[in-house]
Amino acid sequence: MKRNSVAIVGASETTELGKVPTMSQVQLHADAALNAIADAGLKLSDIDGVATGGHNAVEIAHYLGIVPKWLDGTSVGGCSFMLLVRHAAAAINEGLCETVLITHGESGRSNLGRHGSSIFPSLFQQQFERPFGVTRPPTMFTIPVLRYMKDYGLSEDTLAMVSVVQREWASKNPRASFRDPITVDDVLNSKMICYPFRLLMCCLVTDGGGALILTKSERAKDLAQKPVYIRGTGESGETPMISQMGDFTSSAAFKVAGSSAFESAGIKHSDVDHLMIYDAFAHLPIYGLEDLGFVGRGEAGSFIAEGNTRMGGSLPLNTNGGGLSYMHSGMYGMYALQEGVRQMRGTAPAQIPNAEISMVHGVGGMFSASGNIVLTNVAGD
Amino acid sequence: MSESERELPKPTPETQHFWDGTRQGELRLQRCKKTGEVYFPPRHFCPSSGSTDIEIIKASGRGTLHSYIISHLPAPGFTPPYAIAIVKLEEGPKMMCNIVECEQTPEALVLDMPLEVSFEKVNDEITLPQFKPAGK
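Chains as they are written, first to last, in the numbering used here: chain G, 1 to 381; chain R, 382 to 517.
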């Protein structure tokens, strides 16, 4: 894609996050959408492209009163929104539509107006995994980590540090669900969920939503917000079944999406000022840092434990508190993108001074799919 | 472990040979005649070469404990805590299973320990391939 040719000109989360028993899932989509449209200084009638994941895109368009020229319902789990940003940028560049609204809403906690899983069921999972007692994500996403721990000598203490550092970031964020500091002992003494994962190594389950508005960068200067340009993008998918992940210590989808994003953005690792790595569980930032190439194989645990990703560190990571402490409705990717946009606008609660490039990395399903978006506040090539 | 409410596989045309095999006490895999690669889950072609010139083989039933979790969450047909494991088969592919005839503890479940297949008949149609510590 053409670097920086498309910009995010509107971005907002739902008015409330956390426990929202007053709104159904489609209402959460609409609340975020209306907030993002107002943020951009646009009207509903300006939107001619609609995209969403985990929900029928036609239902969202209809609910908002839009008959779009372009629709995308790519639904590959929590990173769907990274893929939708990528697809929307391509569609805008191709002239298929001018102004795209990407929405997310999920009544993950209150379960209001929610129909089934946000991820399409896999044929083979029914036959070759579910009979062995897998149910919800903690029983699947966690399975590869003992292999990683043995092969690379990662300790439970170091794994727990991921949760500790993310809570430090969350403490700066008034909208985070959990803000009180925690220690490694707190994490290791929290309730066992799926050995070796304790409660505080697992993401929240909340209600919420978010929306983004994208248009050509040349139009962005006439709109309300400082534009955030799409500098690079990547996407991939590996397997619908955790048991069939090729290498239990590394995600093939992360690698492909990550290298595509770096290549299309034309940046080096040292150019990244701010990083988001979708953290449904504590091992995700470890796999992400390695598979995106920020550190070598087996080095990410100590990189985090030594403080490199915390406030004042060389690579600020998951600065909203992440899925572990900020919020996680089920498909967290939208919230990671929102934090990337805030950092590029200079409006994040824990703002990284002078940040110019943000990489937002997502996972979908259980290491199934991946999307990666490089954002920047610097126009031009 | 109560089997009454457990979710059971619904075989499809490309997987029928696998479930026929477990019922007869055989673990069946597929091998590409072109490249010799053994693969799983079942497909009518080799996912590496794309060749449809493939054969069904009887696996040795031997493997090693590649990774696992011990779930403390409720699940239909299971009494927590129970292990959900991945066996790496001698022939190469990985499969999900439970570890039977073994304590469901980190001390008893040691990564890379040798395992062997153990067929668990659930009903007249379905027998699940499970694994137990080798030599048990």
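Don't read these hints as lab results, they were simulated from the structure.
One should not assume that every hint holds.
[Unchecked claim] Simulated crosslink set (DSSO-like; lysine-lysine; CA at most 30 Å straight-line):
hint, chain 1, residue 1, chain 2, residue 2
1, R, K469, G, K150
2, G, K255, G, K43
3, R, K475, G, K255
4, G, K191, R, K513
Against the structure, the hints:
no.: 1; hint: R/K469 / G/K150; result: holds, 15 Å
no.: 2; hint: G/K255 / G/K43; result: violated, 39 Å
no.: 3; hint: R/K475 / G/K255; result: holds, 21 Å
no.: 4; hint: G/K191 / R/K513; result: holds, 28 Å
Of the hints listed earlier, the one the structure fails to meet is number 2.
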